[in-house]
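**Student:** Sequence:
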Amino acid sequence: MKPIFAALLAMLYFHPLSAQRIAKVKKEAAAPVVTDLRPIVDQMANEIENEIIEARHWLHQHAELSNREFKTAEYIAKYLASVGIEHQTGVGKTGVVGLIRGAKPGPTILLRADIDGLPVTERVDLPWKSTNRDLYLGMQVGVMHACGHDTHAAMLMGAAKILYGIRDQLKGNIKLVFQPAEEGPPPGEEGGASLMIKEGLMENPAVDVAFGLHINSSTEVGHINYKPGGTMAASDVLRIKIKGKQTHGSTPWDGIDPVVVGAQIVMALQTVVSRQTELTKEAAVVTVATFHAGVRNNIIPEEAELTGTIRTLDRDMQVAIHEKIKRTVSKVAESMGAEAETTISIGNPVTYNDPALTYQMLPTIQRVAGIHQVHLTKAVTGAEDFSMYALKMPSLFLFVGGMPLGADAAKAPPHHTPDFYVDDRGMKTGVRTLCHLALDYADQWKPEARPSALPGK
23 MKPIFAALLA
33 MLYFHPLSAQ
43 RIAKVKKEAA
53 APVVTDLRPI
63 VDQMANEIEN
73 EIIEARHWLH
83 QHAELSNREF
93 KTAEYIAKYL
103 ASVGIEHQTG
113 VGKTGVVGLI
123 RGAKPGPTIL
133 LRADIDGLPV
143 TERVDLPWKS
153 TNRDLYLGMQ
163 VGVMHACGHD
173 THAAMLMGAA
183 KILYGIRDQL
193 KGNIKLVFQP
203 AEEGPPPGEE
213 GGASLMIKEG
223 LMENPAVDVA
233 FGLHINSSTE
243 VGHINYKPGG
253 TMAASDVLRI
263 KIKGKQTHGS
273 TPWDGIDPVV
283 VGAQIVMALQ
293 TVVSRQTELT
303 KEAAVVTVAT
313 FHAGVRNNII
323 PEEAELTGTI
333 RTLDRDMQVA
343 IHEKIKRTVS
353 KVAESMGAEA
363 ETTISIGNPV
373 TYNDPALTYQ
383 MLPTIQRVAG
393 IHQVHLTKAV
403 TGAEDFSMYA
413 LKMPSLFLFV
423 GGMPLGADAA
433 KAPPHHTPDF
443 YVDDRGMKTG
453 VRTLCHLALD
463 YADQWKPEAR
473 PSALPGK
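The sequence shown begins at 23 in our numbering and counts up one residue at a time.
You may find that some hints are simply not true.
[To be verified] Computed beta-carbon distance windows for the label pairs: (1) Pro274 - Arg297: 25 to 33 Å; (2) Thr312 - Arg155: 18 to 26 Å; (3) Glu73 - Gln110: 39 to 47 Å; (4) Glu345 - Gln65: 52 to 60 Å; (5) Arg349 - Asp58: 55 to 63 Å; (6) Glu345 - Lys100: 48 to 56 Å; (7) Lys100 - Tyr158: 25 to 33 Å.
[To be verified] Distance condition first, Cα-Cα at most 25 Å in a straight line; then the derived BS3-like pairs of lysine-lysine: (8) Lys346 - Lys249; (9) Lys433 - Lys400; (10) Lys126 - Lys263; (11) Lys468 - Lys414; (12) Lys303 - Lys346; (13) Lys220 - Lys126; (14) Lys100 - Lys151; (15) Lys151 - Lys303; (16) Lys193 - Lys433; (17) Lys249 - Lys303; (18) Lys267 - Lys303; (19) Lys263 - Lys346; (20) Lys433 - Lys151; (21) Lys267 - Lys400; (22) Lys249 - Lys468; (23) Lys220 - Lys414; (24) Lys220 - Lys93; (25) Lys433 - Lys249; (26) Lys151 - Lys265.
These aren't lab readings, by the way, just hints derived from the structure by calculation.
Note that the structure is predicted; figures quoted are calculated from it, not measured.
Beta carbons: idealized from backbone N, C-alpha and C, even for Gly.
Generate coordinates for the entire structure from the input sequences, incorporating the hints supplied.
**Tutor:** If you want it as structure tokens, here you go:
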């Protein structure tokens with residue numbers, strides 16, 4: 023019986039169906055175990071939260087102005103080195119760029135944080151408040167992270183550590199961009215996103231998509247705001263030079279008063295938005311912020327100069343508003359016998375969230391924060407040079423909450439003010455968001471089906 027039994031077993035083993043099953047079992051046994059990395063990311067975010075808070079406090083206490091972020095860049099580079107992440111310094115003057123190479127094929131994902139402070143003297147009474155001072159436009163000023171760039175840098179540092187820790191299961195590459203001069207370089211200097219791009223940031227390896235976060239002082243911790251399409255405004259600089267005719271203050275009829283002409287121009291410019299622009303399409307703002315003229319109380323000066331900002335959320339409206347400003351200024355000055363020259367310097371374009379990418383990543387955002395803590399919001403008229411990345415590739419820019427739980431949003435100190443404050447606890451949401459966006463995008467990536475990067479109208 024034994025030889026017969028052995029023969030039967032052999033027949034079963036070498037039967038085609040049985041052989042296929044055995045091969046399948048062997049293949050499955052040899053295949054690597056696929057791990058869901060998201061719970062691991064969340065656990066690591068919990069574990070390093072205090073470390074990221076400590077980093078944020080150091081960055082806040084040592085705030086530096088645009089293109090002068092020397093200690094900030096050194097601190098970030100030292101941190102990346104301690105983790106083991108390869109990086110470059112001096113990109114775009116003081117920028118730091120890290121690279122995490124995943125073990126599996128996939129896209130190159132750019133994660134960006136800005137690192138510069140503002141010429142603002144801090145009033146918030148914190149153990150780690152900034153007491154730094156520096157020279158800004160020839161004046162000694164306080165320097166403060168009055169827009170939350172310290173939290174952005176700390177959040178990206180945390181995401182970098184987590185993503186590097188799972189690099190053996192990571193698809194594609196993560197390019198970590200710690201960008202200087204988001205608030206704008208000093209006059210006469212280049213800086214910010216545009217300079218980093220000019221110096222080759224998007225290459226070696228070529229970037230497929232970009233994600234960025236901005237903390238918000240009036241959005242509660244744990245919440246995330248998003249908007250497809252134009253989410254932040256284009257920002258252009260307005261300068262108007264008025265030439266009149268100087269005379270004694272007691273005889274204005276002997277001259278042409280550029281102060282009065284300027285006052286009329288200021289008022290007339292308000293009608294460019296309120297009466298000449300279709301505001302049901304998109305919002306727009308024209309603000310005159312400075313008015314300089316004269317040196318003495320009884321001399322009508324020869325010249326006056328006005329400066330301001332123009333904010334638009336639509337490219338066609340931007341062009342039309344520029345034309346209407348120039349026409350209004352010219353005609354008002356002409357009607358009063360004066361001459362006026364208008365110069366508009368193009369600044370940051372509209373920060374544009376690629377709609378296809380936005381809706382692709384919406385389930386990721388909702389998973390991170392919870393569906394009831396993710397909000398579709400209206401565009402804001404603040405500006406961001408993250409917009410430069412969006413001109414090059416599909417991009418998504420989100421707002422994470424930094425207001426303490428239960429606080430009154432109406433009383434939250436605005437950004438760019440001495441009383442600006444955000445809660446450390448908001449950063450963990452940002453760290454998790456950056457990691458989850460990177461992992462989910464890489465999982466869904468199809469190089470033949472990239473969404474369009476062209477900004478819409």
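**Student:** All the hints need checking, so say for each whether the structure fits it.
**Tutor:** Tested hints:
no.	hint	result
1	Pro274 - Arg297: 25 to 33 Å	holds, 30 Å
2	Thr312 - Arg155: 18 to 26 Å	holds, 23 Å
3	Glu73 - Gln110: 39 to 47 Å	violated, 23 Å
4	Glu345 - Gln65: 52 to 60 Å	holds, 56 Å
5	Arg349 - Asp58: 55 to 63 Å	holds, 60 Å
6	Glu345 - Lys100: 48 to 56 Å	holds, 50 Å
7	Lys100 - Tyr158: 25 to 33 Å	holds, 27 Å
8	Lys346 - Lys249	violated, 29 Å
9	Lys433 - Lys400	holds, 20 Å
10	Lys126 - Lys263	violated, 59 Å
11	Lys468 - Lys414	holds, 18 Å
12	Lys303 - Lys346	holds, 17 Å
13	Lys220 - Lys126	violated, 29 Å
14	Lys100 - Lys151	holds, 22 Å
15	Lys151 - Lys303	violated, 42 Å
16	Lys193 - Lys433	violated, 44 Å
17	Lys249 - Lys303	holds, 16 Å
18	Lys267 - Lys303	violated, 42 Å
19	Lys263 - Lys346	holds, 17 Å
20	Lys433 - Lys151	holds, 21 Å
21	Lys267 - Lys400	violated, 46 Å
22	Lys249 - Lys468	holds, 24 Å
23	Lys220 - Lys414	holds, 12 Å
24	Lys220 - Lys93	holds, 24 Å
25	Lys433 - Lys249	holds, 24 Å
26	Lys151 - Lys265	violated, 46 Å
The structure is inconsistent with the numbered hints 3, 8, 10, 13, 15, 16, 18, 21 and 26, although it conforms to all the rest.
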